[in-house]
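Participant: Can you join these two chains into the complex? Each is in its own frame, and there are hints to help.
The chain contents come next:
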Amino acid sequence: MIDYEKLISPVVANLPPSGIRKFFDIVAEMKDAISLGVGEPDFTTPWSVREAGIYSLEKGQTHYTANAGLMELREAICEYNERKYGVTYDPKKEVIVTVGGSEAIDLMIRTLVNPGDEVLIPEPCFVCYKPCTVMAGGVPVPIETKEEDDFRLLPSQLKAKITDKTKLLILPYPNNPTGGVMSKSDLQAVADVLRGTDILVLSDEIYGELRYGDEKHTPFSAIDGMKERTVVVNGFSKTYAMTGWRLGYALGPERIIKLMTKIHQYGIMSAPTTAQCAAIEALKNCDDDVEEMRQEYNYRRRYIVDGFRAMGLSCFEPLGAFYVFPCIKSTGMTSDEFCQKLLEEEKVAVVPGSAFGESGEGFIRCSYAYSIENIQEALRRIEKFVQRHTRK
Amino acid sequence: MTIYARLSKKRGKVLIFMDEILKILDKEKSNISRAKIAQMLGTDKQEVADAIEKLEKDNVIVGYKTIVNWDKTDREVVTALIELRITPQRGEGFDKVAERIYKYPQVKSLYLMSGAYDLAVTIEGKSMKEVALFVAQKLAPMDSVISTATHFVLKKYKDEGIIFEDDEKDTRQVITL
Numbered sequence: 001m002i003d004y005e006k007l008i009s010p011v012v013a014n015l016p017p018s019g020i021r022k023f024f025d026i027v028a029e030m031k032d033a034i035s036l037g038v039g040e041p042d043f044t045t046p047w048s049v050r051e052a053g054i055y056s057l058e059k060g061q062t063h064y065t066a067n068a069g070l071m072e073l074r075e076a077i078c079e080y081n082e083r084k085y086g087v088t089y090d091p092k093k094e095v096i097v098t099v100g101g102s103e104a105i106d107l108m109i110r111t112l113v114n115p116g117d118e119v120l121i122p123e124p125c126f127v128c129y130k131p132c133t134v135m136a137g138g139v140p141v142p143i144e145t146k147e148e149d150d151f152r153l154l155p156s157q158l159k160a161k162i163t164d165k166t167k168l169l170i171l172p173y174p175n176n177p178t179g180g181v182m183s184k185s186d187l188q189a190v191a192d193v194l195r196g197t198d199i200l201v202l203s204d205e206i207y208g209e210l211r212y213g214d215e216k217h218t219p220f221s222a223i224d225g226m227k228e229r230t231v232v233v234n235g236f237s238k239t240y241a242m243t244g245w246r247l248g249y250a251l252g253p254e255r256i257i258k259l260m261t262k263i264h265q266y267g268i269m270s271a272p273t274t275a276q277c278a279a280i281e282a283l284k285n286c287d288d289d290v291e292e293m294r295q296e297y298n299y300r301r302r303y304i305v306d307g308f309r310a311m312g313l314s315c316f317e318p319l320g321a322f323y324v325f326p327c328i329k330s331t332g333m334t335s336d337e338f339c340q341k342l343l344e345e346e347k348v349a350v351v352p353g354s355a356f357g358e359s360g361e362g363f364i365r366c367s368y369a370y371s372i373e374n375i376q377e378a379l380r381r382i383e384k385f386v387q388r389h390t391r392k
Numbered sequence: 001m002t003i004y005a006r007l008s009k010k011r012g013k014v015l016i017f018m019d020e021i022l023k024i025l026d027k028e029k030s031n032i033s034r035a036k037i038a039q040m041l042g043t044d045k046q047e048v049a050d051a052i053e054k055l056e057k058d059n060v061i062v063g064y065k066t067i068v069n070w071d072k073t074d075r076e077v078v079t080a081l082i083e084l085r086i087t088p089q090r091g092e093g094f095d096k097v098a099e100r101i102y103k104y105p106q107v108k109s110l111y112l113m114s115g116a117y118d119l120a121v122t123i124e125g126k127s128m129k130e131v132a133l134f135v136a137q138k139l140a141p142m143d144s145v146i147s148t149a150t151h152f153v154l155k156k157y158k159d160e161g162i163i164f165e166d167d168e169k170d171t172r173q174v175i176t177l
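Protein sequence lines correspond, in order, to chains A and B. By the count of this note's numbering, the first sequence reaches residue 392 at its end, each step adding exactly one. By the count of this note's numbering, the second sequence reaches residue 177 at its end, each step adding exactly one.
Chain B with its partners taken away, still in its complex shape (with noise of 0.2 Å):
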């Protein structure tokens, strides 16, 4: 549950509001219209407006992407998963290391993670040679890394919910009683 859903049970109805707002743009297209949101709410265009405006402003809404399958273009992008274990340090854990990775722009993604390792990173580059040199040259020699696994992508599937090749197509009669 999310914390502005178990913040709306408290505080009622404008953050169950937002809550379905956040849900409609999880799920659409990040383009979809202010009115059209109105419509599938029953409110005023003006209302889903001040809404967003205030997720925008609280963080709460991050920001909003494209998924490009970069396979169906000429550009070649090498994506990889590097495993990283770390030295937590004292009074920071693992917050401090944490960012020095993420200033990157190559880094695509940073998690904190339980289990064998620490960190798991996503790295896009041009090619897996420039990929295997970042880890190299960058992330490997800090001080508090211990071991790096780098692990290549071959082939997305499915990235943030939206399945890349989908050939459901509506198989149903035209019409049905």
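This is chain A alone, in the form it adopts within the complex (with noise of 0.2 Å):
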């Protein structure tokens, strides 16, 4: 018999397991259970987006595309950003169609990352950047957000934790899980601490049109300066609702953009040929629709975080993607236990906020991405919930 323990790469063999396996396997036995857990949008991609993606299935569009992706849509996709945010990238060198938002990071990250390079990753963030970063023999320092700072990245904290072993830099906004985002003068002071340094950037934009209230999302890549030290990953998941059709896009300078393109031919060869085409369409014809959702979760945004204020519980107010993460460090429980007895006593599944890094302790992520309906009815069993455990 083959003892696989002996033969398999340690380094894979110790990544840690997903934060929510164990509340995945509970909830996947129960019938009446209602969530509150998911990280994708609740819609439906776009009709018109759909349509396209079935048309090219009609016209035989059933092969590769060049590795960098469809021109026409790399052509879209820069003139999208020239577009919404006034950044230019050259569509024949400065960008690659990926698969999803997630293929990108991997991608930067390995094309950058030595072994012992230390790589700055701002916490509570998204899962995937330290395990890439172990993955790529790199060293992942964790940044620790509070909410008393809106969970945004401050110069000094950042100031602190660079050495001369320091590559990268990741900037998870808008966030998942905490909703947090940095404005236009944020980025502007954590620009001011990289300059003069050869800190490069991945900047993660998925939630980007996920903004509300006054200000409009900035990409890293506007501030002065930052074009050339910048990744920006984004994708379509979020945006137009398509996480199945797993497309995503970075954009970035052209030696980096260049050896990213040059992995993904070795592991992915094109994005899928179908997602592209639909992609287009979702680019060039649907801002209507990504207006029509953001208003819709802003309601609901509104409505939740209202919800748990007024069971008492501090929630500091979210102004990206579709999270809230509100504290229950008032119930003297972890959030592991709290997400535990909460799916246990009432059957509302939400996420530890210990599932993305340690400063995510004491907080529980919910997503709004659901009906009203739905919220409201989880709302009302957290608050029992709350209720009866919180401390007198």
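Careful: at least some of the hints might be erroneous.
Unchecked claim - Once the Cα atoms are required to be at most 16 Å apart in a straight line, the calculated EDC-like pairs of lysine to aspartate or glutamate come out as: (1) B:K23 to A:D25; (2) B:K155 to B:D166; (3) B:K23 to A:E292; (4) B:K36 to A:E377; (5) B:K169 to A:E292; (6) B:K27 to A:D25; (7) A:K227 to A:E82; (8) B:K29 to A:E40; (9) A:K31 to B:D170; (10) A:K341 to A:E82; (11) B:K108 to B:E160; (12) A:K22 to A:E344; (13) B:K108 to B:E124; (14) B:K36 to A:D306; (15) B:K169 to A:E40; (16) B:K23 to B:E56; (17) B:K27 to A:E373; (18) B:K129 to B:E76; (19) A:K84 to A:D287; (20) B:K169 to A:D32; (21) A:K216 to A:E254; (22) B:K23 to A:E82; (23) A:K161 to A:D150; (24) A:K329 to A:E358; (25) A:K146 to A:E317; (26) B:K36 to A:E373; (27) A:K84 to A:E254; (28) B:K169 to A:E373; (29) B:K23 to A:D289; (30) A:K92 to A:E254; (31) B:K45 to A:D306; (32) B:K27 to A:E292; (33) A:K347 to A:E377.
Quick caveat, the hints were computed from the structure, so don't treat them as lab data. No experiment lies behind these values; they were computed from the predicted model shown.
Facilitator: Structure representation (structure tokens):
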């Protein structure tokens, strides 16, 4: 018999398992559980986008595309970024279309990180940056962001973590799980720290279109002097409710995109052609659909924040993505305990903040990518639970 | 763009707010509470109630209606779309004859159209015969009506933006990061 343990890579074997596995197993057995645990839109992809995908199949567009993606799509991506944010990229050299934003993140980290290089990761954050860094032989260096700072990355925190081994800074804003955002002036403050260094930036802006409040999203590459050190990762999943199509992209300096494309060419070949054809329609004709969805999220966002505050939990007002991140420290439970008990007693699935880094401890992530009715029922159950468990 | 949306650009926040209320009422079930709308808009209940009262008074909110899928009940309902070609009257255009038509309770909707015919009338009745007789006895004989064409509805798939047999379920995984 083969002893696989002797053969497998220790790096992969030692990657921590996902923080939600056990909840997933429990909830799968439950019949009337309701969930605020999903990290994707509840909307279906706009019909015109689906139709464009179907049409491409009818026309027989069933072949590989160029490694970096269909030229028409790359052009549409560049036009979109210029139109929305005033940042220009060359579709021939500075764009790569990937299998979801996640692939772009992996490619960027693998292209840059040498063994021992440090990667700065503001936490709480999405779960993939750390393992991607570790697999590339790098050293993840978490930066703990705080509720009282609106979960922003402060320049002082950044400065304190920079060493001569620092290679890369991840900027995960608008943020999953907190819903926190970086305003233009916040980004400028970060840029001031980076100016004059050789530190590159991976700006994960997958939730960029889902901003609420007066200020619109600013890509980090739009900040003066930052374009040359930034790879912006974006995609179609969240903005156009296209998670299942698996399509993202990266924009950045020619040399880096070229090397990312090299890895992509060997591992993936090219992103799915049907999805690429559909994405062209999304970029060109779906601004209204996006605005409609954004407005709907905004209604739900206000509703759910109000609901959590009304039950006495402190709840930071998120201005991006579709998550709220209420603090549950008043119950005396850890976030893990809270989520497990909530699931057992009230049959509501939410995600413990600790799944997104140590600094997420004491919080829970609730998605509001659900109908108002579903959110209302979930809030009702959570309130009962919190009342029962809050220390008098 | 609605009149209110256009106005709101000029007149600032109050009208933007009203337009948002209209959008919510247009989308949600019409029995949605004032309190819930207030939460969704980040304002208080009284403000929403006042705004709705004003919209009702101004006839911007014309009415509230429940959409019924009669196929699922025992009641027999027949719907027909009738195309009418009309001779417009001097000084009154189509409005006078339109008024004579829409006053019948059997008439569920009435639109003035561009193209091959002038008025599109939706009629509801208990049977095809009843509807046919209504057209023959009430609409066709009117002086200004030149011709009628009656089309019976066989099945309603979608009405007022609502899909009748919507089987879209939440097929997402229960928890994802």
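Participant: Decide, hint by hint, whether the structure agrees.
Facilitator: Against the structure, the hints:
no., hint, result
1, B:K23 to A:D25, "violated (39 Å)"
2, B:K155 to B:D166, "holds (14 Å)"
3, B:K23 to A:E292, "holds (10 Å)"
4, B:K36 to A:E377, "holds (13 Å)"
5, B:K169 to A:E292, "violated (21 Å)"
6, B:K27 to A:D25, "violated (35 Å)"
7, A:K227 to A:E82, "holds (13 Å)"
8, B:K29 to A:E40, "violated (25 Å)"
9, A:K31 to B:D170, "holds (14 Å)"
10, A:K341 to A:E82, "violated (48 Å)"
11, B:K108 to B:E160, "holds (13 Å)"
12, A:K22 to A:E344, "holds (12 Å)"
13, B:K108 to B:E124, "holds (7 Å)"
14, B:K36 to A:D306, "holds (10 Å)"
15, B:K169 to A:E40, "holds (15 Å)"
16, B:K23 to B:E56, "holds (14 Å)"
17, B:K27 to A:E373, "holds (13 Å)"
18, B:K129 to B:E76, "holds (12 Å)"
19, A:K84 to A:D287, "holds (10 Å)"
20, B:K169 to A:D32, "holds (15 Å)"
21, A:K216 to A:E254, "violated (27 Å)"
22, B:K23 to A:E82, "violated (31 Å)"
23, A:K161 to A:D150, "violated (20 Å)"
24, A:K329 to A:E358, "holds (14 Å)"
25, A:K146 to A:E317, "holds (13 Å)"
26, B:K36 to A:E373, "holds (11 Å)"
27, A:K84 to A:E254, "violated (21 Å)"
28, B:K169 to A:E373, "holds (15 Å)"
29, B:K23 to A:D289, "holds (14 Å)"
30, A:K92 to A:E254, "holds (9 Å)"
31, B:K45 to A:D306, "holds (13 Å)"
32, B:K27 to A:E292, "holds (11 Å)"
33, A:K347 to A:E377, "holds (11 Å)"
Comparing the model with each numbered hint stated earlier shows that hints 1, 5, 6, 8, 10, 21, 22, 23 and 27 do not hold.
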